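*Asks:* Quick note, the sequences are listed as chains A and B, same order.
Take the position in the first sequence, starting the count at 1, then add 1; the result is the number in this note's numbering.
Take the position in the second sequence, starting the count at 1, then add 3; the result is the number in this note's numbering.
Quick caveat, the hints were computed from the structure, so don't treat them as lab data.
Only a predicted model underlies this, so the values are computations on that prediction, with no experimental measurement involved.
Glycine included, every Cβ here is placed at the ideal spot set by N, Cα and C.
A couple of the hints might just be wrong.
[What the hints assert, rightly or not] Label-pair restraints from in silico Cβ distances:
#1 A:118 / B:257: 46 to 52 Å
#2 A:118 / B:219: 19 to 25 Å
#3 B:209 / A:129: 38 to 44 Å
#4 A:13 / B:116: 30 to 36 Å
#5 B:149 / A:109: 18 to 24 Å
#6 A:13 / B:177: 22 to 28 Å
#7 B:116 / A:31: 47 to 53 Å
[As the list claims (entries may be wrong)] Some chain A residues flagged as far from chain B (calculated, every beta-carbon gap over 12 Å):
#8 53
#9 55
#10 60
#11 74
#12 87
#13 100
#14 102
#15 104
#16 136
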Amino acid sequence: MSLTLEIVTPEARVYSDTIDTVVIPTVDGEIGILPGHIPLLTQVADGELRVTKDGKDQFLVIGAGFAQVEGDKVSILAERAITEDKIDEKAVEEALKRADTQLKDSAHLDPAEQETLHSLVRFAGVQLELKRRKR
Amino acid sequence: MASTRDIRRRIKSVKNTRQITKAMELVAASKMKKAQQAALAGRAYAQLMSDMLASLAPRVSELQHPFLVQREIKTRGILLVTTDKGLCGPLNANLFKIVTEIKTPVKFFAVGRKGAQFLSRTHRDLVADFVVQDRVPFSEVKVAVELMVQKYLDGEIDTVEVIYPRYKNTLVQEPTLRPVLPLASLASFIEQAHTESGTAVKRDDRDMLFEPGAAQVLEALLPFYVNRLVYQLVLSARASEHSARMVAMKTAKDNATKLVGELSLEYNKARQAAITQEILEIAASSFAA
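Chain A with its partners taken away, still in its complex shape:
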C-alpha cells in the first residue's frame, strides 16, 4: 500500500509522487498520514512538511492552504511551497527583509494583504530554520 501525494500551488505543481507517509503541518499541529487513512479535510499552516519515501525523509516548506485525504490520494493546495533542495538561503533572507520593511508601513493596507505579508514572513522563517538545522 502506498499513498500518492500531490502538492499544487497557483504557480506550479510542486510535488507529485507515490510515497509511504507524509506529515502535514496544520493549524492544530502536525498530522501524520499513513496509507488507509480515513478521509480528511484540514487547513494547512505555514510550516515544514515531511515526506517519507523508501525509508528516506524529504522536506518541503509549505505555505497556508488546504489538504485533503481521500482514498490513497493526498492532495495539498498551498499558497506557496518549495522543496528543500531549491531553498536559496540568500534569496530567502532578502525576501524576508523586503517583507519586513513592507510590514512596517502596512498600516494602510487592508487586513487580507497584511495577512499575506505575515504569511510570507513565516514562510521565509521556516525555510531558514530548516536550512540551518540541516547544516
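Assemble the complex: chain A is given as a structure, and chain B must be docked to it using the hints.
*Replies:* Relative to chain A, chain B alone:
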C-alpha cells in the same frame, strides 16, 4: 482599367495596413506567451480545488452553509468576462451568443469594456462592471467576486455563474458558461467534466474527518475557493483574448500580403499595356511621316 497611379496608391495603403497588423500580431504574441503561462500554471491548482470541493459537497449537505444550499433560482447572477479592446476575431461575439440564449431573469456583472457595452446596448440588467488590468492582479478580480458573493448572500441573485472564453489552445477558445455557486451544481459539473475527459475519480465512502472542525474548514475554504476559481477563469479569458487577437492579426496580415501581390500584378499589367500603347503610337506616327 484603373490608372497605374490609382493602383500604386492602393498598394501603398495596403502595405501600411500590413505593417500595422504585423506590429499588432507581434505585440499580441508576446502578451499571449505570458498570459498562457499564467493560465496553464494555475490550471492544476484550480482543477485540484474543484475536485476537492466536488468530493466534499455530498458529505456536507447537512451543514447549512449558504454556499452549499440549493435554493429556488429566481434570478441568476452572471459574470461576463470579455476583452477591453476589439480586434480579436469572433471571441466576444461568441460569448454574446450565449448571453442572448438566456431567457430567464438575470443580473449581469461584467469584466471588460466590450461586455459592459454590449449589455447596456441590449438593455440587460447590468449591476456593475469592473476593469481588470492586463496582468490580472488578484485583488482586482476579488473586488468583483466579493460583490457578487455579497449579492448572493443578500438573496438578490440565486446563482453565481461565469461566462468566459475558455482557453484550450492558441487556435481554439471555447465560449463557456461555468456555474460557481451554489456548489450543488458544481458536483454534477465536475462529474461531467471527468466523464468527458475519461478520468474517473475514485470515491472513498467512509465519513470525512474535519480538522479543526467542519464549520471552520468550510468557512475558510469556500470563500477562498470562489475567489480562486473566478480568478483562474479570468486568467483563462485573458490567455484566450491574446491568442485570438494574435490569430486575427495574423490572418489580416496574410490577407494584406495576398492583396499586395494581386495589386502588384494588376499594376504591372497596366504599366505594360501603357508602354505597348505608346510604342504603337510612335510606330504609327513614324509610318505616317
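*Asks:* Work down the list of hints and note, for each, if the structure agrees.
*Replies:* Results for each hint:
no.: 1; hint: A:118 / B:257: 46 to 52 Å; verdict: holds (49 Å)
no.: 2; hint: A:118 / B:219: 19 to 25 Å; verdict: holds (23 Å)
no.: 3; hint: B:209 / A:129: 38 to 44 Å; verdict: holds (40 Å)
no.: 4; hint: A:13 / B:116: 30 to 36 Å; verdict: holds (32 Å)
no.: 5; hint: B:149 / A:109: 18 to 24 Å; verdict: holds (19 Å)
no.: 6; hint: A:13 / B:177: 22 to 28 Å; verdict: holds (24 Å)
no.: 7; hint: B:116 / A:31: 47 to 53 Å; verdict: holds (49 Å)
no.: 8; hint: 53; verdict: holds (21 Å)
no.: 9; hint: 55; verdict: holds (24 Å)
no.: 10; hint: 60; verdict: holds (22 Å)
no.: 11; hint: 74; verdict: violated (8 Å)
no.: 12; hint: 87; verdict: holds (16 Å)
no.: 13; hint: 100; verdict: holds (17 Å)
no.: 14; hint: 102; verdict: holds (20 Å)
no.: 15; hint: 104; verdict: holds (18 Å)
no.: 16; hint: 136; verdict: holds (32 Å)
In this structure, only the earlier hint numbered 11 is contradicted, and the remaining ones agree with it.
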